[in-house]
Structures are given as C-alpha cells and as structure tokens.
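Listed below are the residues making up each chain.
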Amino acid sequence: MKIFKNYLLLGLLGFGLLLTGCGDDEAPEEENEEEVIDLVTLTFTPAGGGTAIVAEANDPDGEGAQDFTLDDINLAANTTYTLALELENTEEGESITEEIEEEDAEHMFFFSFTADAFSDPAGNGNIDSRGDDVNYNDLDGGGLPVGLSTTWTTGDATSGGTFRVVLKHQPDIKTATSTATDGESDIDLTFTLNIQ
Amino acid sequence: MRLLLTFLLLGVFGLPMIHAQECNEKITGRVLSIITNEPLSFATVQVIGTENGAIVGDDGHFVINDVCEGELDLEVRFVGYKSVVHHHDPHHAEPIIFLAPDEALLESIVIEEELNAHELKSLRSKSIYIENSESLGSNSGEIFSKTSGVSTLRTGQNVVKPMVHGLHSNRILIINNGVRHSYQAWGTEHAPEIDPTQINRLRFVKGASTVRFGSDAIGGVILFDAEKPSYNSDLNGSVSAGYQTNGRAYSMEGTVGAGGERTAWSLGINGTKQGDLKAPNYNLTNTGKNEFGFSGSGRLHFSWIDLDLYANHYQQELGILRGSVNGNLEDLSNAIGAEEPNETKDFSYNITTPRQETNHTLVRLVSSIYLGNQQLDVQYAFQQNDRREFDIRRGTNNERPAINLRLISNSLDIDWDHPSKGKWVGTYGLQMFTQDNDNIPGTNTIPFVPNYNTTNIGLFGIESLNIGNTSYEAGVRFDFLNLDVRGRDSRNDIYRDNLNYYNFTFTGGIVHEFNEMVSFRTNIGTAWRAPNVGELYSFGKHQNIIEFGLWRYELFEENDSISTRSVLANDQKEVPSERGLKWIASLNVNHSHVEFEVTPYVNWIQNYIYLRPYGLTNTVRGTFPYFIHDQTDAVYSGVDIDIRNTWNDLTSTEIKASYVHAKDVVNNQYFLGVPPFNVQFDINRKIGPLTLTVSPSWTSRQFNEPPVISADEFVNAEIIPFNQFSTFDFLPAPDGFFLLDASVGYERENLSVRIAGDNLLNNSYRRYTDQSRYFSDDLGINIKLFASISF
Numbered sequence: 018m019k020i021f022k023n024y025l026l027l028g029l030l031g032f033g034l035l036l037t038g039c040g041d042d043e044a045p046e047e048e049n050e051e052e053v054i055d056l057v058t059l060t061f062t063p064a065g066g067g068t069a070i071v072a073e074a075n076d077p078d079g080e081g082a083q084d085f086t087l088d089d090i091n092l093a094a095n096t097t098y099t100l101a102l103e104l105e106n107t108e109e110g111e112s113i114t115e116e117i118e119e120e121d122a123e124h125m126f127f128f129s130f131t132a133d134a135f136s137d138p139a140g141n142g143n144i145d146s147r148g149d150d151v152n153y154n155d156l157d158g159g160g161l162p163v164g165l166s167t168t169w170t171t172g173d174a175t176s177g178g179t180f181r182v183v184l185k186h187q188p189d190i191k192t193a194t195s196t197a198t199d200g201e202s203d204i205d206l207t208f209t210l211n212i213q
Numbered sequence: 022m023r024l025l026l027t028f029l030l031l032g033v034f035g036l037p038m039i040h041a042q043e044c045n046e047k048i049t050g051r052v053l054s055i056i057t058n059e060p061l062s063f064a065t066v067q068v069i070g071t072e073n074g075a076i077v078g079d080d081g082h083f084v085i086n087d088v089c090e091g092e093l094d095l096e097v098r099f100v101g102y103k104s105v106v107h108h109h110d111p112h113h114a115e116p117i118i119f120l121a122p123d124e125a126l127l128e129s130i131v132i133e134e135e136l137n138a139h140e141l142k143s144l145r146s147k148s149i150y151i152e153n154s155e156s157l158g159s160n161s162g163e164i165f166s167k168t169s170g171v172s173t174l175r176t177g178q179n180v181v182k183p184m185v186h187g188l189h190s191n192r193i194l195i196i197n198n199g200v201r202h203s204y205q206a207w208g209t210e211h212a213p214e215i216d217p218t219q220i221n222r223l224r225f226v227k228g229a230s231t232v233r234f235g236s237d238a239i240g241g242v243i244l245f246d247a248e249k250p251s252y253n254s255d256l257n258g259s260v261s262a263g264y265q266t267n268g269r270a271y272s273m274e275g276t277v278g279a280g281g282e283r284t285a286w287s288l289g290i291n292g293t294k295q296g297d298l299k300a301p302n303y304n305l306t307n308t309g310k311n312e313f314g315f316s317g318s319g320r321l322h323f324s325w326i327d328l329d330l331y332a333n334h335y336q337q338e339l340g341i342l343r344g345s346v347n348g349n350l351e352d353l354s355n356a357i358g359a360e361e362p363n364e365t366k367d368f369s370y371n372i373t374t375p376r377q378e379t380n381h382t383l384v385r386l387v388s389s390i391y392l393g394n395q396q397l398d399v400q401y402a403f404q405q406n407d408r409r410e411f412d413i414r415r416g417t418n419n420e421r422p423a424i425n426l427r428l429i430s431n432s433l434d435i436d437w438d439h440p441s442k443g444k445w446v447g448t449y450g451l452q453m454f455t456q457d458n459d460n461i462p463g464t465n466t467i468p469f470v471p472n473y474n475t476t477n478i479g480l481f482g483i484e485s486l487n488i489g490n491t492s493y494e495a496g497v498r499f500d501f502l503n504l505d506v507r508g509r510d511s512r513n514d515i516y517r518d519n520l521n522y523y524n525f526t527f528t529g530g531i532v533h534e535f536n537e538m539v540s541f542r543t544n545i546g547t548a549w550r551a552p553n554v555g556e557l558y559s560f561g562k563h564q565n566i567i568e569f570g571l572w573r574y575e576l577f578e579e580n581d582s583i584s585t586r587s588v589l590a591n592d593q594k595e596v597p598s599e600r601g602l603k604w605i606a607s608l609n610v611n612h613s614h615v616e617f618e619v620t621p622y623v624n625w626i627q628n629y630i631y632l633r634p635y636g637l638t639n640t641v642r643g644t645f646p647y648f649i650h651d652q653t654d655a656v657y658s659g660v661d662i663d664i665r666n667t668w669n670d671l672t673s674t675e676i677k678a679s680y681v682h683a684k685d686v687v688n689n690q691y692f693l694g695v696p697p698f699n700v701q702f703d704i705n706r707k708i709g710p711l712t713l714t715v716s717p718s719w720t721s722r723q724f725n726e727p728p729v730i731s732a733d734e735f736v737n738a739e740i741i742p743f744n745q746f747s748t749f750d751f752l753p754a755p756d757g758f759f760l761l762d763a764s765v766g767y768e769r770e771n772l773s774v775r776i777a778g779d780n781l782l783n784n785s786y787r788r789y790t791d792q793s794r795y796f797s798d799d800l801g802i803n804i805k806l807f808a809s810i811s812f
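Chains V and P are the protein sequences, given in the same order. Take the first sequence: its letter number 26 is residue 43 in our numbering, and every next letter is one higher. Take the second sequence: its letter number 439 is residue 460 in our numbering, and every next letter is one higher.
Pulled out of the complex, with its shape left as it was, chain P reads as follows (with noise of 0.2 Å):
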C-alpha cells in the first residue's frame, strides 16, 4: 500500500526519476516481415549517433550490447524494406520491429513489450492484426468471429453479438481499448456498439479470466485496440471508401495523424450508409443501416511516465427484418411457412419500424509510470451508451421507442507490477465500476427493465513463477457488487431492491515450453456473474414469445399453479450468482513452417440461468407459449484447431476448425442456440504485386438440438404440448452449409485496392445461431471493392 501511495503521489507532483549513465545495458529484439512474420536475418539496427549496431540473425534476433541506460533512438534497415526509426526505453523491453516492403503500402512498425503484460500467460493469445479493408462497412461482430472458437450470434445481418466457445451477453467480456464495454448487454439482441475502423489489434482470452478483468468474463474476453498514433513520424494520413453490392452500401473513413519526439496523435472519422440487403431469392426489407463514428487519441511520452488518452463516439442506426415481427402464434406460423418474407419491397435506403438507434462515446485516460523495475498504471473511463429501439406500434407510438436506455459507466483501474524478486513477477489491482441506467420517459410501455445502478470494486493479485521452461502463475480475487433497482410493475406500481453480492475467483496456470517447437499452457479459473435485470425482472412479450425474469413469477407445487402478480425480492426467492469453472489446454507445435495449436476446453457452470417453457397463456392477442427464468446446471465443452501452413515466401494456408457441446446437466438435454461445428480453411498466394485469398468454410448442422414443436401444434392444441423442465424450438435446425468467399488484394507505394466476394455461390442458407433463420435466408452474394489512399 504505501508503494502504491508514493507512485500516486510521484504521479501527482511530476517527480522525474534520474538514471546514471551507465554503458553496460543490452537491448534484445526481433526483427520481421509485415507481410510473411518471416525473420529478416542480416537487416540491421543501429544506435543512432554512435557505432554501436547490431546484425540480425537467422531467427529474426538481435543483440546489441554496451548499451548506455536511458532512451535511444533504433533505426532498423533491410534492402527492399522500408527502415524505421524506433523510439527504445528500457521499460519497454525486447521490441518486435515489423519491416514492410518498400513496394507495400503498410508501415514498417513496432510493437513493445510491455516490461510486464498484466496478463496470465497461460491464457495469453495471439494477436490478430485487422486491416482498414476488412473492417471498413462490416459489423464489430463479424471482425471478432476470425478466429476459431469465437462465432456470432445475430438477429438478421446488422445486430451481431460475438460468442466465445458457445457462451455470449453477460457471459463473454469485451475490453475496448483497456475498458470493459459497458452496454445492454442482457438483451441477446443487443449487439456491442463498437466502431469496427477501431479495431486494429485482436486478442482472446478464451479461458475464465474473471481473476483480471472482473465478474461475467465467464466464457472469455474479447480484448481489441484502436491503432496507436506513432512518435516520431511526419504528418501521415489515409482516405479510404468502400462500396458493397448486396445492399448497395457505400462507406468513407479519413484519418490523419503526426507524431514528434514525445507527443504523438491522431484522428479519424468514418460513416457507412447501406440499404435494404438481399438473400439469394429475395429482398430483405428494411435491413439498411445508418453508422457514424469518429475518434482521436493523444500519448505523451517520458523516460518515466506514458499518457494515453483515447476517445470514440459511434453511433448507428440499424434496420430489422419487417417480415420477422409478428403478433401470436397464428403470425408465427405464418411468417415461418411463408415462402419469403411477409411484407418484402423492392430495394430501398428507408429505415422504419423495428430499428434500433444506438449511441456509444468512450472517453480513456490511461498512464504508465516506470519507477526501476516496476510499473504503476493508472486507468480512468468513461463511457455513455444510449440504446432506443423502435417496433411496429398502433398510431403515433410507432414513431416512439418501445425501449429508451441511457446507461453511464465510469470506471478506475490501478495496476501495479511489482519489482521482480528473484524468480517471482506479479501483478496487483484494484478496479472500480460503476453503472447508473435510466429509462428515458416517454416510451408510452411500462419499461421492460428497471432503473439500475452497479457499483462494482475488485481487488486481484496474479503471481507467476519461472523456473527454466516452465512458469507456474496463481491469481486470487475478490469483488463486491452492489445492484440497486428501481422499477414499475404491470400495475404501475414501483418496486424497488438492492443487492449486495461478495465472491472470490481463483486462477492457476503451467505453462511450460518444452523445446523451441513445442508448447504447452493449461490454466484451471473461476468465474461468476450477478443475474442481470432482464433475467430478473422482464416481464411480457419478447420478440415470439412471453417470458418471466427470475422474480416475476412465484410457482406454487401443492396445486402446480403459477402467479405472475408481484414483485419478489432476494428474500422471498434467492437468485444466487452464476458461478463458472473452466479449464482450458492448448499445445502449440512450432516445427520449421507449420504452425499447430489444438485447444480443449471445459466450462461447468452452477446455477445457469436459462429460459425454459412453462404453460400457454391467452391473450386477447392469442394464445402464446411462455417462459420462465430458472436456474440449472451447464457443462460446456469443446475444441479449437488452427494449422498454419508456411509453403513458400509466396503461399500459406490455414485451417481453423472449431467445436462445442453444451449440455444442461441437471435435466440431461440441450440447450437453443449453440454453435454447431465449423472449419474454415484459407489459402494466402502472392502473384506479383497482388494477394489473392480463396476461403471455403463449412458449417454443419447442429445436432445436438432441443426437441422440436411447431407452432402450428400450439395454435391447434387442446393440452400443453411440452414437459415444463424441457426446452424446444419452434423450427429443427437449419441444414450444414458452404460458404465460398475470395478476395484480390493490390498494393502498391501510397495506393491500396481490394475486390472481395462473399457467398459467390450464391447459396441459400441460414444460420443456426441467427434468430432471424426463422423468416429468412442469409445474404447471398456480396461483392465489396474497397481502396485506400495515404499520405
């Protein structure tokens, strides 16, 4: 605690710390290709104004000793490449220095190693770099879902949510740029709101790291960064448009950026209009999309203390299938035996009813301070996220929102690395969290959801032992979580509650290396989530069907009655936390240009919370089935396989095959909505100054799929046709499909083009994780042309 103090108070007053110049220092790192991640043996890193150098070897290391301490200047060289003028520290050991050909249109760039990365290595990830080309125009969602193990759960094409091994909503953790993305996240038809031009670099923790990142990263942590602003670089810029076929969707992004020796940043803007899409044999009305986003961020550099300051607003309007909103189960029956959609028009950019309007802005302080061998930081966030969503209403109401939600987060997180001592590193933090939602009056609808607030403070310490090629690492923490509601039952009456919730997690992890080929790292964590309010308290229609939080109902077994009159609260029914425990396995094999990492993983989780069927109720709508919260037991398992093939300078491919099984263990049967198995396989060759890419990628049916009851069977049933502890759909699952997609890249000094297709078959699928696979067949053939030019 009082090393915590004095770094506050160092970081308060501004007190430089001051080295002797001593000249026994060695700077270690590497050296590669942009393109191929190939070493660049024999390129060569000099420390400018001196002789000293080094020449890099033929795994792509460099050593360069006698160094003086303090900060230098590198500047790296190879023939054919671009050099860079690398900024060096010593708080930011063994630089990985990216050379990119002098023909690419990239940056030659650094990436540095923080002097300790906060993270259990036995869960640590690859990062994915994302290009402008792909992101422009797409949906955060889909740019997520590149890497097996991670798919998408969607309502039609422009709300999608990411799923890690099977689990999404409150169960997966997105960190935006260091900040938990703070949003409705118990609506499955809530998407995050996050600008995909943003995402630049992509990790996943694909284990339980709650013990790091806090309560709900029970299937995982989806961890992205916006590009950094470099120092040292002139005025440099890009503008870049996009165009895509299927929707006639258009797209511009600018951004621009300067850099000097210790104050760098940047800013970008960009905004996609897009109109009604089309599935192979029709179009799908009223799926256009409106987006908006612009950003900019700062760093302030000293030998001691870094400033990062990063803000983004995005706001987009998204259409929803007219033909997927109906009334009771008649509707229902209808709209799914209808040939295609009800309601479909010829192509146009209007968006109506249903749409959702969203609004997010994140505003990030983050600074490092460096004192010797230890590193404080010191995060502060904010973040606003307004949601409304627009159904089809009687009158005037339809041009109100049915859900209006303004929802203010602000967040503080303290990091502190402590001084190594002897084999030991160790991480210690304390985080705090806070929510305030509000229900924006004037929706004309009793809320679905009450007002809330969190309030949510962790304190964690991660430890990690290295003895030869095995570290061993241990992490503890413990969280309060305190939810206070307030909201309006179907009388109008007010209910209010406030919950105190206390858990520990624990993690543990091996890693161990046993030769420069082969890999291993397993890791053993906990988990746990406090129920969210839809879970707790939605009440009435949802989308098809009626459902009942956790405290809207009370089920009485003497006469197997059910009453939805009142309000409980935790003392009249106690709704523990979802508590997980995962293990999770990968070996990584290395061997000359093959690249191979299979991961298995599995996840039980206590006290699941799920929707399961209850009874039929008559409106004066019509009859519909509904549904109550309960609580279970799940076990999901799984495996991810990625096979990286180097051929030649020229060629790679990769296979990414991924597969889940999840079973609710305390009434032996299936859950809706698990991911059936995928493999994707990519083929990379390089044909003068072009790149081609081909991916087929196959996605199975899924067959572990609850049992099946139309709602024709309801419409015409005289006695309830389901068990009340048994789950069901109203459709089998969709058929296994082929996707075919492809893409031409060319690049060339300050210009950049890329035509890629999607679905060039054309085929007619759905998927089994879309909840819009009910009305309608995905997007058929998309072809996307995209160019960029900077400066």
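Next comes chain V alone, as it looks inside the complex (with noise of 0.2 Å):
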C-alpha cells in the first residue's frame, strides 16, 4: 500500500507543477517613463543680446521622498527679456516641451510674482486672475496663449521677490476665460527672484 500512496503524492506533486508550470520569472518590460518631470530649465534672453540668464528646477528623484532644488532667478534693472521653457524628463532623455507643443489646446502656462517688480507685465500675474497681463508670444490653434514662450520687461531693483510658474492640463477645459485653478498641474515651482 505504500507504493499507492507514493504516487498519489506524485500525481499531487504533478498537478502542482501543473498549475505553477505556465508561471514564468519574467520582468516587466521597461517603460519609457513619461509621467515624470524631473528638470524646468527657465532661460532669459535679454532682447538686446547679451549672456541669457538661466534658472533650473532638478527633481532627480521624481516622486521619491527628497525634494528637488530650485536656483534663484537674477535679472538686471529695467531691462526686456525673453524668457524660454524647458521641461524634461532626464531620466528618460524625453523632452516634454515638445509634448506640450505638440498639445498645446490643452496647456496653459500662469506666472505670479511679487507686484510690481516687472515694469511690463505690470501687476503681479494671472494665477489670481487670468484677465491680468502677462505677454505671451505663442498661441496655440485656437488662438489661445500657451506662454513656452513670453516677454518680461523688469522694474527698479528689488531682491527676494517670488516668480511662480504653473503649467495647467485643461484638456477640453481651456477657453479663453479658463484660469489657474481649472485642470490639473504639471508644474508649479516658486522661485525667488531677484533684480539687481
């Protein structure tokens, strides 16, 4: 009787291996990681030529626990520049600019700053209301502005002020009334900014 009972134990062990036998050890694929935004570079052009000024956000851990670093941002006195967005993700080598072009009926950028430290725009932005000027130079299909691209006229010398960008999805939500609040951020960064 022992030898019924040695194959019972191997007909079990067979079917064990039955069910774990379409098992496999694999890894999942990797993932071209595009949620991630882990680099804002903000690059001022002075309109008259010159050294453009740079200011980085670095996030290298993405959604990991340390917080990213953020450099301050130092213009000259009553001077006009253009200033350029870069986000990315380097992690991956993905531009997600070209993303947001690409998009661009479905994002808008919004500045605040501290009031007054920019002679044009004047004020302090349009986080708090979209109305208030900001001057972008691209619009997207519809004729909306999506602000990859905006000018920047500054004031008298001021220092630790703040500059606040956010990049706001609106898909199927950005009119021309759509303000900061409506969608959800893909960016929001406060810098200090400084005018010397």
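Think of the hints as simulated: they come from the structure by calculation, not from any bench. Keep in mind the model is a prediction, meaning the values are calculated, not measured. For glycine and all other residues, C-beta sits at the position ideal for the given N, C-alpha and C. Please note that a few of the clues may not be correct.
A short list of chain P residues far from chain V (calculated; beta carbon distances all over 12 Å) [as the list claims (entries may be wrong)]:
(1) Y264
(2) T373
(3) D459
(4) V497
DEER-style ranges, computed between Cβ atoms [said to hold, decoys possible]:
(5) V:D189 with P:R222: 43 to 51 Å
(6) V:S146 with P:D733: 13 to 21 Å
(7) V:S146 with P:I776: 45 to 53 Å
(8) P:Y303 with V:T170: 40 to 48 Å
Need the complex rebuilt from these two chains, each delivered in its own frame; the hints are there to steer you.
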C-alpha cells in the first residue's frame, strides 16, 4: 500500500507543477516613463543680446521623498527679456516641451510674481486673475496663449521676490476664460526673484 | 491517504457503487412556503410509483418510513401551490422543499443539504436569496451589503467593494461558486469583478475562517452561488429588462435551461449601459458604465457521483468622476472647495478618462463522489482577470492604460468528509492555488506593482463532536505560500525577490441549542495573510497622495531621515505576515413570529499594515504629503443585530443594525474609513397581487475619526503639520444621513414587474467610506423599473 501513497504524492506533485508550470520569471518590460518631469529650465534671453540667464528646478528622484533644488532667478533692472521654458524627463532623455507644443490646445502656463517687480507686465501676474497681464509670445491653434515663450521687462532693483510658474493640463477645459484653478497641475514652481 | 487514493481512482475509472435493496430507510425533510418561509402543514409528499408517503406536520417536517434504499422521486403537493417532483438520493439528506403559490412567478425549489456541509457550524450563517429584479443593473458590492455587518468601500458609484466588520480588500475573501475570487485585491479602488446577475444564493461567514478557506479570511468570507439548473424540468427560461432614471441606464438579461433525469443545463446572458449619474444638485460627469456578461452551467448526476460545470465571463467599463482627479495639494484644495465637481458637463453616455476596463473569466468543475457515508469533493478552477486603468494623461498617453495587468489563477481543492465515527464528523482538505500576474507592456509609465507569482498549498482538518444539544468543533490548517516578484524601480532597474511564508491557523467553536427557540454559537479562530504587492512595492503618486511600500523606503533614526532610493528585501527589513485572532458569538432567539439575532465580535490583528503620513515632498508638480506603509496592531470590535418579525401572512418587518469600533492600539488612534453606525428598517406587506416594501435607513456620522488637516493648511505650511505616527484626513467625516427606499412588485403567472425608488427624498449626502466624498455628493433620486417574462 505504501506504493499507492507514493503514486498519490507524485500525482499531487505533478498537478502542483502543472498549476505553477505556466508561471514565468520575466520582469516587466522596460517602460518609457513619460509621466515624471524632473528638470524645468527657465532661460531669460536679453532683448538686445548678451548672456542668457538660466534658472533650473531639478528633482533627481522624481516622486521619491527627496525635495528638488531650485536656482534663484537673478535679472538686471530695467531690461527686456524673452523667457523660454523647457521641461524634461532626464531619466528617459525625454523632452516634455515637445509634447506640450504638440498638445498646446490642452496646456497653458500661468505666472505670478511680486507685485510690480516688472514694468511690463505690470501687476502680479495671472494666477489669481486670468485677465491680468502676461505677455505671451505663442498661441495655440485656437488663438489662445500657451506660454512656452513670454516677454518680461524688469522694473527697478528688488531682492527676495518670488516668481511662480504653473503649467495646467486642461484637456477639453482650456478656453479664453479658464483659469489657473482649472485642470491638473503638471508643474507648480516658486523661484526666488532678484533684480539687480 | 489510502482512502483518498481509493476515491481518486474511483473517480477516474468510474466504478459505480452497487447497493443492496433494503426497504427500512426513512426520508425526512421540510416543506415551506417560498414567499413567507412558513411551514406548509398538510402538504403531501409521496414516493412516485408507490402508495408510500407522508403528510407535513405543523412544524413543516415530514417523515416517510419504510423506504427502499437507493434513488427515488418524491412528489410534493399542496392546494394553491405549484407541485414539484424532487429526485431524492440518500447522499442528500434532509431536503428543504420551498413551494411557490400558483399565482407567483417563482418556481417551487428544493434545497438539498449536503451529507456534510464542510463548514464550521459555529460560523454558519443564513442564506439570502437575491432575485433578478434586485441584481440586474446593480453591482455586486451593493448586493453583498444587504446583510448586517457588511458595508461598502466605494470610489464613486461604480466601484464598490464589500467590507465585512470594517475590513476589506485582502482582509476578506469572496468565494464565487466555491472558488476564491482572484483579482487585484490590493487596490482600494479595485472592485471585485463579479456579475451581479449571477448572485442567487448569498452567505456570509463573519468569523475568522482561514482554516476552511485559506489565507486572507481575516475579517470574514462572502460566499455566493449562481442558480443551478434543475433536473426534471422542461425547456424553460426568462427574458428581463430594467431601466433606471438616474444614469438613464438600461439592462437586459436572458436565461434558458432544461433538465432530464441525469443531466441539466442552463445558459444566461446580460448587459447594462449607464450614462452619467446625477447627485441631487448636479451631474456626476463621466460616471457611466458598460457591462456585459454570459454564463453557462451543466450538471450530471449519478447515484455515486455529481458533476457540476460552471463558466462565467464578465466585462466592465467603469467611468470615474472627472472632478475627482487632481494634480497637487492646491488642486485638491480647489476640488474639495468646489460648489459642484470640477468639469461638470451635461448628461452623456460617453466614458472618457479616468476609467477602468476589466474582464473576468471563471471556469469551474466540481465532482462530488459519494461512498456510503463518506464524500469526496474535487474542484478545479481557472480564472483570468484583466484590469486596465486609464488616467488623464498628456497627449496620446490619454488613450493608453496607466495600469495594465493580467492575472491568471488556477486552483485545485480536494475535500474529504470521513465516515462519521460515533458522534464525530469531520472534513479534511487540500487546497492548491496559484496566481501569475503580469504587467502588459505599453503603459509608458513604470509599473506601480511588480510582476508576481503566488503559489499556495494548504492542508486542513476540521472535526466536530455532537453530544445532545451541543456540538463542539475544532480545526487546524497549515499553509505554505511562496511569492515571487520581479519589478522595476524608479530608474527602470530590475528588482527581484522570492519570499516564503509558513503559517498554522486554528479554530474552535461551540453550538448549543438551549431549546427549540434559543440557540447560541461561538467561535474563536486565527487567520493570516501575507503582505500584498501594493503594500510592499508601491512607489509614487496614487490618487491625491504619494505613497511608498514597506520595501521602498528606509528610515534612519540617527538623523531622522528617510531614503527612497533603493528597493529592500526581507533580510534588510522583515515584514511579517498579518495575523488575526477573532472571537465571535451569536445568540439566536426564534419565538413564534419573532426571530432575533445578536452577534458581537472582537478581532485583534497583529502586524496590521496601514498607511501613515511621514512628510511633505516638493516635486515640480508642487507639494505633496507622502505616506509610508507601516505595521501596527489593530483591534476591530463591534456588534450586528437582526430582528425579524412576521406579524401575519401579509406583513413582516426587519431591523438590521451594525456598529464597528476600530483602533490602532499601538499608537492609540482611529483609522481612516471605518464604516459608521448604520440601521435599516424594512416593512414588507402584501396587498392582493402586490408586494410593497418600504425601507428607511439611517447612517450616522463617524465620530471615531482621525484628526483633520485641510489641504489649505498644507499649501501654506512652513513646518510639517502632523505627527508622523498619527494618521489624518483632509476633511472631517460627513454628517449622518437618512435614506428612504421603497418598491412595489407585482407577480402573476409568468410575468413579474417591479418599480423601486432609491433615495426617494432626493437627500444630498456623502458616505464616509466613499473616496469620492471629498468631491461630490452621492446619488440623488433613482427610480428603477424591472419586468420579466418567463416560459
């Protein structure tokens, strides 16, 4: 009878193997991570030529617990600059800027800054009120501003001010009146602004 | 083991057992009305082809003496009721025959007791039968919560998970036609993919019954079965249709079946299309759903073996409220403060992002082999579960799932009921269960959970001893579980681990019948579960927060810092299994027309895995609080009360109430999302051919809640506004609410019509256990129409 016992065990073992046999030990395939933005570069190019001023927000661990690092923005007083924004996923070598250009009807940058830090636009920017002045240089297909390129003329010297950039993703939401509270925030960064 | 082998061989070679014909057996059973559950005294039960028979007594029981051994047909008749022929065999003792009145749509049915129910009597619960008019177009979570002690955890109206005594997900088990429902249980927003029209007979085991059902049964077990095709029935079927005003949802269902002396089969198909739902004051944009299911079932019966095949496929496309999605804390603050949910639009059947698409397929074959006074059940099941979740994403990624998982499961269960030896009855079993989960490539985001394989082998034994009015029972189980994981970290590097868990579990219980009216049952049992992949490996933003699994962070006490750079393994940070110890008791008083049941319980869970807030992190998207999975000890205790009153043939009432109290006993704090006190009152009354039901219910505010820190406080915070060991909520618990539901049903011959209304007062309310409560009210008034024709 012992032999039966062995057959039984073998049978059960065989079935167990059958159950697990279809298992594999493959890791998930490598995915092109397109969600995370870990580097945002602000490039201020003076209108009359000269050295561009660059400020970066850098978050090497993405959604990890470490904070990002933010440069200060140091601009010259009474000077006109063109601001170009670049967004990247450095881990993947992916340019998010290009995606935004392709989907510009769904995206809009909003800005706010210390009141009257700039002579143009005056005021404190359009995050609190969409109608306030920001000089957008680029428009989407529907004639609405995007904000990858903007123009700024600094006022007199100040230090320790703030300069906040918010990128909103507004699929089917973006209109002439949609505001910085509509849609989801793709980026929301507050830099220290010094004007010398 | 030798006996087991003999049975297996018999199963394979198909040797029928030959019985000698002796005529000194007796058949006992009961005859009840299917409508009122009351005994039908003076009904007749006759053995077809003989003069032998019996008349049903006052208590509904009958005894037929001098019956020959073997199989025979019983005919049950009663004036004004549909008579039924029941094929009786000695392996299904004590048939309960439910007769349907002539004018009712329902057919008379017979419930056969198993020779041995393989269940712990000290945990056994009453069966609830769900009618099609209730399940068509509904969802399984809603149907499960029809009993006291079971509530729901929701993400809006389409994603509904059952909670048993305050526990959910991996802490409860759902047994679908005898098979453990295998799905991505780790996600609180992953509802079980169960076709509600297939839920016919529903049972609950509220105690810890890991010994019988395996790991995860810490809170309890929900069991349901589809309707079985009947033997000895002509070709029959039904066509049903439903419409709901809220969501302008329409549903259809068709069934067909037939049965001969030894075979029976049935087929069913159903579908639902629902548009945007509506709260009392606004539309709930993107809350439509599309569902489609079909099933088939076949039975084969011989005196010594029963074969039962069941297959079901169910697919769902579930919209999630558009306004419940947001980016950073400031977005969350805006969304919480909004008058109506963001992006609210006019009614539409369109489902965009966010949404979930699921497919679930189950194929199950069970064979019961009878050998005199023993029984052997062998069950094999295959399940495939596909889950794709679409988030709001940039560009073409919006059309790609962010989560795309395929889970294949196989299980083999062998149960053996040994011959009763004196007063001893027992069941022994072997359960093998495997899962193979793969991420389907093409999501363009690093998988939130790894690929994993689970292999579980469990062996159990349960014995019960009956002495007079008391039964004592005890059981023990051993489980081996292997978890093999392969995933990718945030730098896309591969991590692997292989984990083994060994666990013993025990159960013990007593059932005592003081007299015919009063019975008492109590059980104490242990349960366990392995940490799930979400708790171990989750990394990054999930809904409104950032979370890190137990092996995705390291704490350094020396400088109070945290690192999330590397993926840990068990030898670096041990994560023991969650272990539960649950005591439950139930006092049942059945006095003339009143049935009263009170069920207190205490569940102590060691190494309880929960999320606790740890800090704030600044990302380019803005500031987020982040949470870490950690372990503590928890105690869940509470009581369920159920009082049924049958006033007369026409009127009955029922009161169901549940209370649960849950606490983290290490850090002395309340958990988030514990269901508040709830009481429901049902009045049923028959008026001519109509059945009227009115169901008012009250759900209290949850007062045992963690402290509140609003999203605004985070936005403006200079320092971290919470203690790292105390959990918090972004909003206080919503107020208590009153709901009034009612229905009118009409049944005549082969037609059934039902009109029902939910939230008839159109009250605005939010459920504490709904993750959409931060953004929107729950459903407003909903009028449901249902009609069914059978042939």
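Evaluated hints:
no., hint, in the structure
1, Y264, "29 Å, holds"
2, T373, "8 Å, violated"
3, D459, "7 Å, violated"
4, V497, "20 Å, holds"
5, V:D189 with P:R222: 43 to 51 Å, "46 Å, holds"
6, V:S146 with P:D733: 13 to 21 Å, "19 Å, holds"
7, V:S146 with P:I776: 45 to 53 Å, "51 Å, holds"
8, P:Y303 with V:T170: 40 to 48 Å, "44 Å, holds"
The structure fails to meet hints 2, 3 from the earlier list, while all remaining hints are met.
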